[in-house]
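Q: Listed here are the chains, written in short residue letters.
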Amino acid sequence: MRFWALYRRELLIEVRSGVESIIPIVFFIVVVGIFTFALNDLISGDSKVLVSVIWITTLFTSIVSLDNLFKRDHADGTLAVAVLHSDAVLSLVVAKLLAHWTLTGIPITILGPLIGLMSGMQLENATMLGLTLLIGTPTITMLGALVTALLVGLGRGGELLTVLILPMYIPILLFGMGVCHLNIDSAPYTSELLWCLALLSGSITVIPLALGPVIKLSQDS
Amino acid sequence: MSSTHLTVNNLHCQPGSQELFDGLSISVAAGETIELRGPNGCGKSTLLRIMAGLQQPDSGDVIRYVEPIGYLGHKFGLASILTVQENLRWTSTLNGAKFDTARAQELLEVFELRTATNKLIQELSAGQKRRCSFVCLLIGEYKLWLMDEPFSSLDSQGEELVRKLIQEHSRTGGSAVIASHAASPLAQAIQVELGIS
Chain A
0 MRFWALYRRE LLIEVRSGVE SIIPIVFFIV VVGIFTFALN DLISGDSKVL
50 VSVIWITTLF TSIVSLDNLF KRDHADGTLA VAVLHSDAVL SLVVAKLLAH
100 WTLTGIPITI LGPLIGLMSG MQLENATMLG LTLLIGTPTI TMLGALVTAL
150 LVGLGRGGEL LTVLILPMYI PILLFGMGVC HLNIDSAPYT SELLWCLALL
200 SGSITVIPLA LGPVIKLSQD S
Chain B
0 MSSTHLTVNN LHCQPGSQEL FDGLSISVAA GETIELRGPN GCGKSTLLRI
50 MAGLQQPDSG DVIRYVEPIG YLGHKFGLAS ILTVQENLRW TSTLNGAKFD
100 TARAQELLEV FELRTATNKL IQELSAGQKR RCSFVCLLIG EYKLWLMDEP
150 FSSLDSQGEE LVRKLIQEHS RTGGSAVIAS HAASPLAQAI QVELGIS
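Protein chains in written order, with numbering that gives the first Met the number 0: chain A, 0 to 220; chain B, 0 to 196.
Note that these hints are calculated values from the structure, not bench results.
The reader is advised that the hints may include incorrect statements.
To be verified - With a straight-line cut-off of 20 Å between C-alpha atoms, the simulated SDA-like cross-links for lysine to any residue are: (1) A:Lys70 <-> A:Met0; (2) B:Lys74 <-> A:Gly154; (3) A:Lys70 <-> B:Glu158; (4) B:Lys118 <-> B:Lys142; (5) B:Lys97 <-> A:Ser85; (6) B:Lys163 <-> B:Lys118; (7) B:Lys118 <-> A:Glu9; (8) B:Lys74 <-> B:Glu158; (9) B:Lys163 <-> B:Gln121; (10) B:Lys142 <-> B:Gln187; (11) B:Lys142 <-> B:Val65; (12) A:Lys70 <-> B:Gln121; (13) A:Lys70 <-> A:Ser20; (14) B:Lys74 <-> A:Leu216; (15) A:Lys47 <-> A:Leu142; (16) B:Lys97 <-> A:Val88; (17) A:Lys70 <-> A:Met176; (18) B:Lys142 <-> B:Gln13; (19) A:Lys70 <-> A:Leu142; (20) B:Lys118 <-> A:Leu153; (21) B:Lys118 <-> A:Leu11; (22) A:Lys47 <-> A:Gly154; (23) B:Lys118 <-> A:Ile12; (24) B:Lys74 <-> A:Met0; (25) B:Lys74 <-> A:Arg71; (26) B:Lys74 <-> B:Gln121; (27) B:Lys97 <-> A:Met0; (28) B:Lys142 <-> A:Lys70; (29) B:Lys97 <-> A:Glu9; (30) B:Lys97 <-> A:Arg7; (31) B:Lys163 <-> B:Ser151; (32) B:Lys97 <-> A:Arg71; (33) A:Lys70 <-> A:Tyr6; (34) B:Lys118 <-> A:Met0; (35) B:Lys74 <-> B:Arg88; (36) B:Lys142 <-> B:Gly30.
Computed from a predicted model, the values in this text were never measured in an experiment.
Could you build the full structure based on these sequences and the hints that come with them?
A: In structure tokens form, the structure reads like this:
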């Protein structure tokens, strides 16, 4: 019950913040759209290029959206209040991450395959793209949240966030994109898909537990 | 159950070139109010943050016998795009308690915030935000309060109300550590003078 109350609060804050909360999705659509127009010849002949564009744009979209994940709460002092409630911190961070994924991960998971289909991708390949994004976007949220939590107390984000996050995204990018490419080539992809699931399981299990102490540590700066 | 709420033992803290504390020890017992006084930069806020666990000292121990702690820092600790009521509800949620609407309304009445119940925090004045922070503190039912300049932004009426509130809290077995610049010290508070070394 406490978790859902915290989750509703996070969603409410995002909804009240208006345009700010939809900027990441607009960014995703605009960037993928630009690539689709610019690389039209390449994309129409090879779905792998579009899959790569969608996956890479997903990573950049997460950077745009994650910058704000803890910043607002840090600025108004609610983050400091929250970390003093040690038994509530886990619920709070999971609620925050789930709300973030609800508003960025889920739309990307839906929009990615839709853009693929509109650009001539086969249904089977678009479905696989959707599946890998469904597995990949929560992993991206988890990894990004860890770096964001470390940086929040320093009052830094933006460029430093980009430099620190992008290398951490490489495994999920390679495996996620790899599954889609192998599927397009009708090659076996089970091993890559299992790696995606392993990364998701690992990040979901470990990162929420680590975030509480990391946020508390970030207050000491 | 121990009647001590918090102890600080042999605290050393030197953030940068200036040493703030060298072997500082303080114990806060139930029913006690400790008022930290001293000039700007002597480490009052730092000590409160260390007591709360938001900052680590260079050495020394801080033992908290009661948790969670009610902390009122320089920031109001209120989500600016949520209403007063939603912020109060959040405090209850953090404490795992059911939100008591009647109690919240009663406290808002005391703090003259009844008409602001459904207003966003960002629409309130600094004094009203400070009052709302106190309502959160009371809703949270914390035993130990750590308050950094609690009278800032408050008018004389608000300051008097908060003084009474702190006295009442101590009388009912709660404790408080307050960093203050107020001209007149708190009645019945133990004064701890911090200096710049």
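Q: So, for every hint listed, does it hold in this structure?
A: Verification of the hints:
A C-alpha spacing of about 26 Å is found between lysine 70 (chain A) and methionine 0 (chain A), which places the hinted pair above 20 Å, so the restraint is violated. About 15 Å separates the Cα atoms of lysine 74 (chain B) and glycine 154 (chain A), which keeps this hinted pair within 20 Å; it holds. A distance of roughly 31 Å separates the Cα atoms of lysine 70 (chain A) and glutamate 158 (chain B); the hinted pair therefore is violated under the 20 Å criterion. For the hint pairing lysine 118 (chain B) with lysine 142 (chain B), the CA-to-CA distance comes to about 29 Å; that exceeds 20 Å, so the pair is violated.
As the CA atoms of lysine 97 (chain B) and serine 85 (chain A) are separated by approximately 18 Å, the hinted pair is consistent with the 20 Å bound. For the suggested pair lysine 163 (chain B) and lysine 118 (chain B), the alpha carbons sit about 26 Å apart, so the restraint of at most 20 Å is broken. Using a Cα cut-off of 20 Å, the hinted pair lysine 118 (chain B) and glutamate 9 (chain A) holds, with the two alpha carbons roughly 18 Å apart. Only pairs whose Cα atoms come within 20 Å are accepted, and lysine 74 (chain B) paired with glutamate 158 (chain B) is accepted, the gap being roughly 18 Å.
Between the alpha carbons of lysine 163 (chain B) and glutamine 121 (chain B) the distance comes to roughly 27 Å, so the proposed pair goes past 20 Å and is violated. Distance restraint check for lysine 142 (chain B) and glutamine 187 (chain B): the Cα-Cα separation of roughly 18 Å lies within the 20 Å cut-off, and the hinted pair is therefore satisfied. For the suggested pair lysine 142 (chain B) and valine 65 (chain B), the alpha carbons sit about 7 Å apart, so the restraint of at most 20 Å is met. Between lysine 70 (chain A) and glutamine 121 (chain B) the alpha-carbon distance is near 17 Å, which keeps this suggested pair within the 20 Å criterion.
At most 20 Å may separate the alpha-carbon atoms for a hinted pair to count; lysine 70 (chain A) and serine 20 (chain A) meet this at roughly 14 Å. For the hint linking lysine 74 (chain B) to leucine 216 (chain A), the alpha-carbon distance of about 18 Å falls within 20 Å, and the restraint holds. Between lysine 47 (chain A) and leucine 142 (chain A) the CA atoms are separated by roughly 25 Å; this puts the pair beyond 20 Å, and the hint is violated. The straight-line distance between the Cα atoms of lysine 97 (chain B) and valine 88 (chain A) is roughly 18 Å, inside the 20 Å bound, and the hint therefore holds.
Straight-line distance between C-alpha atoms of lysine 70 (chain A) and methionine 176 (chain A) comes to about 31 Å, which puts the hinted pair past the 20 Å bound. With a C-alpha separation of about 29 Å, the suggested pairing of lysine 142 (chain B) with glutamine 13 (chain B) is violated against the 20 Å cut-off. Restraint check: the Cα-Cα separation between lysine 70 (chain A) and leucine 142 (chain A) comes to about 17 Å, which is no more than 20 Å; the hinted pair holds. Between lysine 118 (chain B) and leucine 153 (chain A) the CA atoms are separated by roughly 31 Å; this puts the pair beyond 20 Å, and the hint is violated.
Taking the CA atoms of lysine 118 (chain B) and leucine 11 (chain A), the gap is about 15 Å. The hint holds against a cut of 20 Å. This hinted pair does not check out: lysine 47 (chain A) and glycine 154 (chain A) have alpha carbons roughly 39 Å apart, beyond 20 Å. For a cut-off of 20 Å, the pair hint linking lysine 118 (chain B) to isoleucine 12 (chain A) stands: about 14 Å separates their Cα positions. Taking the CA atoms of lysine 74 (chain B) and methionine 0 (chain A), the gap is near 28 Å; set against the 20 Å cutoff, the hint is violated.
Distance restraint check for lysine 74 (chain B) and arginine 71 (chain A): the Cα-Cα separation of roughly 12 Å lies within the 20 Å cut-off, and the hinted pair is therefore satisfied. A distance of roughly 13 Å separates the Cα atoms of lysine 74 (chain B) and glutamine 121 (chain B); the hinted pair therefore holds under the 20 Å criterion. Taking the CA atoms of lysine 97 (chain B) and methionine 0 (chain A), the gap is about 10 Å. The hint holds against a cut of 20 Å. With a C-alpha separation of about 29 Å, the suggested pair lysine 142 (chain B) and lysine 70 (chain A) falls outside the 20 Å cut-off, and the hint is violated.
Annotation: proposed proximity of lysine 97 (chain B) to glutamate 9 (chain A) holds, straight-line Cα distance about 19 Å (limit 20 Å). This hinted pair checks out: lysine 97 (chain B) and arginine 7 (chain A) have alpha carbons roughly 16 Å apart, not beyond 20 Å. For a cut-off of 20 Å, the pair hint linking lysine 163 (chain B) to serine 151 (chain B) stands: about 16 Å separates their Cα positions. Between lysine 97 (chain B) and arginine 71 (chain A) the CA atoms are separated by roughly 26 Å; this puts the pair beyond 20 Å, and the hint is violated.
As the CA atoms of lysine 70 (chain A) and tyrosine 6 (chain A) are separated by approximately 17 Å, the hinted pair is consistent with the 20 Å bound. For the proposed pair lysine 118 (chain B) and methionine 0 (chain A), the alpha carbon gap of about 25 Å is over 20 Å, so the pair is violated. Between lysine 74 (chain B) and arginine 88 (chain B) the CA atoms are separated by roughly 19 Å; this keeps the pair inside 20 Å, and the hint holds. At roughly 9 Å between alpha-carbon atoms, lysine 142 (chain B) and glycine 30 (chain B) fall within 20 Å of each other, so this suggested pair holds.
The structure fails hints 1, 3, 4, 6, 9, 15, 17, 18, 20, 22, 24, 28, 32, 34 (numbered hints given earlier, in ascending order).
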